[in-house]
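Taken in order, these protein sequences are the chains called F and E. Take 1 as the starting number for the first sequence in my numbering and just add one per residue. Take 1 as the starting number for the second sequence in my numbering and just add one per residue.
By construction, these hints were calculated from the structure, which means they are not laboratory data. Yeah, the Cβ is synthetic: ideal placement off N, Cα and C, and Gly gets one too. Keep in mind that the hints are not guaranteed to be accurate.
Calculated Cβ distances over 12 Å to all of chain E for the following chain F residues [stated by the list, open to error]: (1) Glu24; (2) Met45; (3) Gly156; (4) Leu184; (5) Tyr208; (6) Met365; (7) Lys451; (8) Thr463; (9) Val526; (10) Glu602; (11) Met641; (12) Gln667.
Partial chain F-side listing against chain E, Cβ under 8 Å, derived [stated by the list, open to error]: (13) Thr529; (14) Asn546; (15) Val654.
Here's the letter readout for the chains.
Protein chains: 2
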Amino acid sequence: MTEATKVNPDLQRERDNCTFNVTELTNLIDGGAQKTEERRKREEMVLKEGIHLDEVPSEYLSHKEKYELAVKKACYLFKMIRRLQEEENTGMENYQEVLGGSLGSAILRDGSPLTLHYVMFIPTIMGQATVEQQVLWIGRAFNCDIIGTYAQTELGHGTFIRGLETTATYDPDTKEFVLHSPTLTSYKWWPGGLAHTANYCIVVAQLYTKGQCHGIHPFIVQLRDEETHMPLPGIKIGEIGAKLGMNGTNNGFLGFDKVRIPREHMLMKNAKVLEDGTYVRAPSSKLTYGTMMFVRVVLVNDVCSYVAKAVTIATRYSAVRHQSQPKPDEPEPQILDYVTQQHKLAIGIATVHALRLSASWIWNMYNNVTAELDAGDLERLPELHALSCCLKAISTSDAAETVERCRLACGGHGYMLASSFPLMYGMVTAACTYEGENTVMLLQTARYLVKAWQQAKGGNPLTPTVAYIASVSAGRRSPPWDNTVEGIIHGFQQVAAGKIGACVANIEKRQRTGMSYEDAWNMTSVQLTSASEAHCRAFILTTYFNETENQIKAVSPALRAVLLQLVDLYVVYWALQRVGDLLRFTSISERDIEQLQSWYEELLIKLRVNAVGLVDAFDIRDEILHSALGAYDGRVYERLMEEALKSPLNAQPVNQSFHKYLKPFMQGKL
Amino acid sequence: MTEATKVNPDLQRERDNCTFNVTELTNLIDGGAQKTEERRKREEMVLKEGIHLDEVPSEYLSHKEKYELAVKKACYLFKMIRRLQEEENTGMENYQEVLGGSLGSAILRDGSPLTLHYVMFIPTIMGQATVEQQVLWIGRAFNCDIIGTYAQTELGHGTFIRGLETTATYDPDTKEFVLHSPTLTSYKWWPGGLAHTANYCIVVAQLYTKGQCHGIHPFIVQLRDEETHMPLPGIKIGEIGAKLGMNGTNNGFLGFDKVRIPREHMLMKNAKVLEDGTYVRAPSSKLTYGTMMFVRVVLVNDVCSYVAKAVTIATRYSAVRHQSQPKPDEPEPQILDYVTQQHKLAIGIATVHALRLSASWIWNMYNNVTAELDAGDLERLPELHALSCCLKAISTSDAAETVERCRLACGGHGYMLASSFPLMYGMVTAACTYEGENTVMLLQTARYLVKAWQQAKGGNPLTPTVAYIASVSAGRRSPPWDNTVEGIIHGFQQVAAGKIGACVANIEKRQRTGMSYEDAWNMTSVQLTSASEAHCRAFILTTYFNETENQIKAVSPALRAVLLQLVDLYVVYWALQRVGDLLRFTSISERDIEQLQSWYEELLIKLRVNAVGLVDAFDIRDEILHSALGAYDGRVYERLMEEALKSPLNAQPVNQSFHKYLKPFMQGKL
């Protein structure tokens, strides 16, 4: 091995000391050895093309150049995928496998201007267009003859989509819809790829026909000339400007000045407008929930992959970095030896597993419910909706917090873009807002929980994910505290049920003073979000525990021990974070809490030896991780310097601003 | 008033409904009406020069162009200050007034390459150079004939400065020091202005003379030729690369290849090296604490000004933004009407006051202690050190959290750079790491607290800021819970004392099992940081309450009511956040907690009507706020669009990447 490929000795020692088989865990995470092999093959195929390599790292480019580079890379990436799809057995049959996971984000690290074409434009046509419309559009879209996006959010309206202002007014004389933006706030604002990339677009607008408004409906609209790419008449379009992150996504604005489209451009799988302007209602309004829930469910997995990257970087860095000298005659320890550092990292590692298993659980539920839906059974839709809302909120906010905690755990070097943390944070924190703002999401779940409480009170049966409410709402005394993982999980259910009960009591109390239900709800809403969070924590803890219990049946004793330690750590960590809730709603004692604290500290020490092995098992290639601090070989300082030298500012020893400004200023001649 | 200068009617209505005199509060914050006038005059003088205006907003520039713009603006800013200083009565006599506050950051929003010249280079010469050395350097530095910076941190060492590796070896033959970077990790890394701006530098290095190492000492080193700006022989210098924020600061790296400097370039006010190489020790090693504490104390005020900006933006936006329709037949309410939104904003407003008063309290203490120090009295130094460490940690982390909470409270639009949040977050979160990493800071305070506990146990008197420990350590029973602000503050002291006591008990218990003190400390360190935080919370709550009680004596009844509501809110908010601690260490009951929750919700409603007035009182000019969402006139959507249109990408309807990549890709010809 040459100097340049040698692994840092501290990191090597960590690997030598790992007590379990790292590959076994990787296979478990992937869902089997073959899946691991397939994933690795896919990564190799994509990465060997070298599209991810930049001459100058994109962080040094101007905003405009960043966009141009993103278009270039996105085109080459999709060209390659198109080619690989045509070949057989490349594992590229599914766009999502490549786009959704870490692989796509390794190539387009700050977002892609083509993502919404695949993630929203095509799926919306598939889900909401008639068969005739699909014949017309799907082929061209799949082929990328046209590039589309999805325009819903407006300058003045985001999460509350009923308030959208763009109008689509049917004109029976010409059999056309007239799309119009009546106000500045009605401009579409935010859609990715809309600014300069897409030439077609699904537009969500308020449908007017025969003088009546029928609420929002989707329309397909051509935005730009297919040959010249010039915006069509009446289309006012551009980009919304620089953002905290995702500067490769080309988010745009769009205004209509009475733009006419044929009647057939309304997507009419559900509701319809006939030639004469007659409106035909959709069979069920709940059918449109589907896509929104799909995206939220997928999001959980998505943010999870960022958490895995973040803890991989921070853990490896912590094994390489040495600091301070607690004992006078000994060398500076690895910062991984500090318990405060372990406290920041171990929970991050456990969070990856907890969220991944929760994501996969809700993914199964989603598929079951969708199948039932297709068979006309809508019964479990509200439960899925409620669960997907709070899980979206908690997983994205936990993920954002974990990424930042990992960054801060790397000290100053985490602040460098070369660490990869800042770009990741930009991606993850965005998810706290898009696809349903998190506070709104928690309040949506709270509505379901309050309803469940009232159902239980009325003696009605509850759906499985809220079944725990029944015993608390019936006023049954809580059992004596059991200071085990199962006991804590049960305690979290009592907390959630207790909080929901307290909310209901508060709302009713306020109503009795003459307050309207809506105002009483609003006054109680801080507590409602907290109840909703508690419910979600109980769900994640339960799922993580149960799914791990299932998984470990088939693993080696060494790995089993570590996986159980991780579950213990996660559960005890959250118990200590929520001691106040447990004290209020369960019979936990001060002695129990002190025991939990010691248990937690012991778990940190136990997991210490396997920290590097645990993140190695996430099996994230250096090209995908893209971090000077986190590479497999641990050459942290060498890579930091190599990255610094790529800055164009370092190409000249003296910058021109010296002659133009600095020297005249120093000589008093400016 | 023209359309373009009209205030948004929602915002105007908020102002009309405000119950107190906004100017009265502004004056109170500034320290009197005359101070307000002086500040405004200073702002007007600087801003009328127009240095803050950019042709193209800097967020659209390349990394290199950002630096060049920062140099240009920094030179013009300091040229102007130099000129104004020469004139009389401009209030510009003190650089810090202009640089430290919001004004400097309004012009150089992403950091300045000249800051360290004023903040570290000149002060270090003043504090650590002999009179003869000052004669030589101070004039040139004040005049900006030379531009300096301060290089301490290295690639491999930050907070732990004893571990620095750069060497300065005295050669008695030539009477020179030889500066050398023995390893890659010994390269200086991070100093602002070091990369391409400064031509001189204070370098902190391990001093070797007569074969012995005497620890770290400061040296003044010329880096670049004064005429050509070319790096001098043996100087390896450049920039460290792009960062999460502060991309105008020109952070650099610096390596030495046996660079020789005259003996007189060691700053010798304290320790000395004689011509023959004899080392003369400094009279007291504690003297060097001063500057570090100064910076930490100033930092509290500094981050506070960012919190004030953040809540101003989020509150005004929340008055303008409407969303959802909780009541079927009513219009969409302002989002400020949602209690969940008030929950995010009100605590932010209170935090500004709490931190500002704490900052001013510790600033007074700092000045007193420094005066005592000059008189040879070192007694209160450890107390000041302990308090400045935890206050630095808590104020920066609270500030960073508040800025992010405000950003997220603005939904998607907060994610735009035009909101100003992302740049602010970059500045504030950096302060969690620099000048002493926050976890390390908390553990420094914890050492003092543990010592105080042991002193109290030994019956010794305690210093004022930890005096509350005495009664708990003596095992006195806590008084019955008192559900008032004073009662809660007392409760927080009990929590802090209780946690310190628990830490001491845990450390001793672990030592009894044969563990070394250092290992026992490490095992207990998660609890130690928590004790340290609790101590700091108790200090901030106490100070905020006491200082407000003092201030309100001289204010109008209307303002007094609001200021007291804010204190109540702050104290009750933190009580609810720390319910677990209160349940463990005080006699608070479930009923008390429920009352606190109702009290909190009522306070939110009471403060609602004055929310805009409260942030208006921070009196931050639009040019300093620099936010499309937060401007005084509330023209949120118009400004967002105006900012978007400044993006160079919007200058052409079709970007060149369409012809180069997108069209060939769509046509299958790429």
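Evaluation of the provided hints:
1. Glu24: 31 Å, holds
2. Met45: 18 Å, holds
3. Gly156: Per Cβ check, Gly156 (chain F) is inside 12 Å of chain E; nearest 6 Å; violated.
4. Leu184: Given that some Cβ of chain E is not farther than 12 Å from that of Leu184 (chain F), nearest at about 5 Å, it is violated.
5. Tyr208: Label holds. Min Cβ-Cβ 19 Å, cutoff 12 Å.
6. Met365: Label holds. Min Cβ-Cβ 28 Å, cutoff 12 Å.
7. Lys451: 17 Å, holds
8. Thr463: 25 Å, holds
9. Val526: 5 Å, violated
10. Glu602: Given a closest Cβ separation of 9 Å, the condition is violated.
11. Met641: 7 Å, violated
12. Gln667: Gln667 (chain F) is in fact no farther than 12 Å from some Cβ atom of chain E, at 8 Å.
13. Thr529: Holds - the Cβ of Thr529 (chain F) comes within 8 Å of chain E, reaching about 6 Å at its closest.
14. Asn546: 27 Å, violated
15. Val654: Cβ of Val654 (chain F) sits 5 Å from chain E, so the hint holds.
Consistency note: the structure conflicts with the earlier hints numbered 3, 4, 9, 10, 11, 12 and 14.
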